[in-house]
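Assemble the dimeric complex from its two separately framed chains, guided by the hints.
Taken in order, these protein sequences are the chains called A and B.
The first sequence runs 33 to 146 under the working numbering.
The second sequence runs 118 to 230 under the working numbering.
Please note that a few of the clues may not be correct.
Straight-line alpha carbon distances no greater than 25 angstroms define the calculated SDA-like cross-link-like pairs of lysine to any residue that follow [claimed, not checked]:
| hint | chain 1 | residue 1 | chain 2 | residue 2 |
| --- | --- | --- | --- | --- |
| 1 | A | K133 | B | K218 |
| 2 | B | K158 | B | P186 |
| 3 | A | K133 | B | Q212 |
| 4 | B | K158 | A | G48 |
Read the hints as simulated data drawn from the structure, not as lab findings.
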Amino acid sequence: AQSVTQPDIHITVSEGASLELRCNYSYGATPYLFWYVQSPGQGLQLLLKYFSGDTLVQGIKGFEAEFKRSQSSFNLRKPSVHWSDAAEYFCAVGARSNDYKLSFGAGTTVTVRA
Amino acid sequence: ETGVTQTPRHLVMGMTNKKSLKCEQHLGHNAMYWYKQSAKKPLELMFVYSLEERVENNSVPSRFSPECPNSSHLFLHLHTLQPEDSALYLCASSQVTGVEKLFFGSGTQLSVL
Numbered sequence: 033a034q035s036v037t038q039p040d041i042h043i044t045v046s047e048g049a050s051l052e053l054r055c056n057y058s059y060g061a062t063p064y065l066f067w068y069v070q071s072p073g074q075g076l077q078l079l080l081k082y083f084s085g086d087t088l089v090q091g092i093k094g095f096e097a098e099f100k101r102s103q104s105s106f107n108l109r110k111p112s113v114h115w116s117d118a119a120e121y122f123c124a125v126g127a128r129s130n131d132y133k134l135s136f137g138a139g140t141t142v143t144v145r146a
Numbered sequence: 118e119t120g121v122t123q124t125p126r127h128l129v130m131g132m133t134n135k136k137s138l139k140c141e142q143h144l145g146h147n148a149m150y151w152y153k154q155s156a157k158k159p160l161e162l163m164f165v166y167s168l169e170e171r172v173e174n175n176s177v178p179s180r181f182s183p184e185c186p187n188s189s190h191l192f193l194h195l196h197t198l199q200p201e202d203s204a205l206y207l208c209a210s211s212q213v214t215g216v217e218k219l220f221f222g223s224g225t226q227l228s229v230l
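One chain only, chain B, in its complex shape (with noise of 0.2 angstroms):
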C-alpha cells in the first residue's frame, strides 16, 4: 500500500449534484497533487498544494475546487460537472514539491451522466 488513501473508490454523479473526492497521505509528506487520468491520454495536473499552500492551478475549470485544510488532507469539490469530466482522478504526494518521488492514491472513478 502507498500510503495514500482516496474515496470513493466509485461515484456516479448527475450534472446538477455537488460531490467531494477525499485523498488523505500517511506519508507524512508536504505536497499534495491532484491529476486527471483519462483512458489513452496522458495524466493531466490539475492542482498542487504545498504545505497547505495551493502552487498550481493548471487551467482547471472552476467547477472543479481544490481544498487542503491540512497537509495529510487534500479535497476535490465536484459542482456542475460535465459528462467529459468522467474519469479517474488519482491524488499523489511527495515528500517535498517536486517530481523527484510521487506517491499515488489507486484513485477515484467518477461517471457524470
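Here chain A stands alone, though its shape is the one from the complex (with noise of 0.2 angstroms):
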C-alpha cells in the first residue's frame, strides 16, 4: 500500500519569500502525486498532479512541483508567497489513476507574515 509523509507540521514564511514543501512517498511502482491546498473553512483545491512524463509540473496559483523518482519526493514550491497561500497544503499518492484509494499526508499549515 502507498503511504505519504510531510515532514513539516508548520511553516511560517514572509510575504514574498519563496516557498517549498516537502513530500516523500512510499510506493513500489509509479505513483499517482498530488497536491491540494484547503484554505480556511474550505474544502480541498487540486494545485497540480504527476502522472507520468516531465517530472516538473506546474500548477494554478504560481505553484509548481518536482517528481524526483531517485528520492521518492514530491516537493512543492511557489518564488514568491503571497498573503493568500496562508493555507493547509496535502500531499497525496494514488497507485494508478483509476484507483479511489489516495493516501494523503498529515499535511503542512502555512502562515505567511507581513
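In C-alpha cells:
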C-alpha cells in the first residue's frame, strides 16, 4: 500500500519569499502524485498532479512541483508567496489514475507574515 | 465554488442522537466519496459510491451509514456516535471513479458531546 509523509507540520514564511513544502511517498511502482490546498473553512482544491512525463509540473496559483524518483519525493514550490497562500497543504499518492484509494499526508500548515 | 455543497456546515450532537449529513454535487460526476479529517491526521477515506453503488467501505463502524439515492446526492447517517468521531467530514466527487481529480465540498464540522 502507498503512503505519504509530510515532514513539516508548520511553516512560516514572509510575504514575497519563496516557499518549499516537502513530500515523501512510499510506493513500489510509478505513483500518481497530487498536491491539494485547503484554505480555512474550505474543502480541498487540487493544485497540481503528476502522472507521467515531465517531472516538473506546473499548477494553479503559481505553484510547481518536481517528481524525483530517486528520492521518492514530490516537493511543492512557489517563488514568491502571497498572503492568500496561507492555508494547509496536502500531498497525496495514488496507485493508478482509476484507483480511488488516494493516500493523503497529514498536511503542512503555511503561515504568511507581512 | 467547487460545485459540491455540504450541509450543515456545523453540527453538534449528543451520543444518543441521530443526525444526517448531506452532500450534493452539481458537476454531473458519477462517483462520490466521504472522507474524515481529524486534526493533524491524514484524510481517511470512509466510503466510495460509483454510479450509486457502494464500492468501498473502508472498515468504518456501523454507527456511520451512507446512502446514495442518485448520482448527485450522498448522505451520511449518524447514530450513537462517540466523542472521538468529532471531526470534519468532507464529501468529494469525481467524474469517474478514480483519483485523477477530486472536487471537495467545504465539509461539515461535527462535534459529539
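Evaluation of the provided hints:
Straight-line distance between C-alpha atoms of K133 (chain A) and K218 (chain B) comes to about 12 angstroms, which keeps the hinted pair within the 25 angstroms bound. For the given pair, K158 (chain B) sits about 30 angstroms from P186 (chain B) by alpha-carbon distance, which is inconsistent with the 25 angstroms threshold. In summary, the hint linking K133 (chain A) to Q212 (chain B) is supported, as the alpha carbons are separated by about 15 angstroms, within the 25 angstroms threshold. With a CA separation close to 29 angstroms, the supplied pair K158 (chain B) and G48 (chain A) exceeds the 25 angstroms bound.
Checked against the numbered hints given earlier, this structure breaks hints 2, 4; the rest are met.
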